[in-house]
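K.L.:
Sequence:
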Amino acid sequence: MGLPTRGGQANAVVFSPPYCNMTGAKDPALRGFSKDDMRTFTGGNYRAFVHQLVASAYIMLRRFGWCVVVVKQAVSTKTGQTIPDIVANVMKAVGFKNVEKHVFQLAKPSAFYEYHKARGHEHEHLAFEYVVAGQKGGKPTEVVENV
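Here the sequence shown stands for residues 1 to 147, numbered as in my numbering.
All the pointers check out, no bait thrown in.
As a list, the in silico SDA-like pairs of lysine to any residue whose alpha-carbon atoms are at most 20 Å apart:
| no. | residue 1 | residue 2 |
| --- | --- | --- |
| 1 | 117 | 127 |
| 2 | 72 | 82 |
| 3 | 101 | 16 |
| 4 | 72 | 102 |
| 5 | 92 | 59 |
| 6 | 101 | 55 |
| 7 | 97 | 52 |
| 8 | 101 | 129 |
| 9 | 117 | 75 |
| 10 | 97 | 10 |
| 11 | 92 | 16 |
| 12 | 72 | 110 |
| 13 | 101 | 133 |
| 14 | 72 | 116 |
If you're looking for bench data, these hints aren't it; they were derived computationally from the structure.
Computed from a predicted structure; not experimentally measured.
Let's have the full structure, built from the sequences with the hints guiding it.
P.N.:
This is how it looks when you write it as structure tokens:
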């Protein structure tokens, strides 16, 4: 993509991208980022929106720094891909190396999990967090001193 490999100041950037279409939820704990808000940046394309966030993280990172993106397991209705897969593909496209996906079971699931469980909806995947991590250039075994 041609983004700079130097220049950033952070050793790591950790974020969770906003989820769309939850702003109408009655429970305020479930409200997220609206698709209309996202359209302001990307015309409503979630992959393009995530691409902008990941590219911004890439620019903020020092060489050999790590970007960690925390997401939920959901399937895109447009692409049929899961959000972790979309994020991993975007990270590779931006230029991250050593892109890995990890799954963690939550000790205390969120209000979103409880909401769906109480209504009998599919909810087991909400008891987990999915993490996609990638490194800006280099190999994980290389040591770089702070200059």
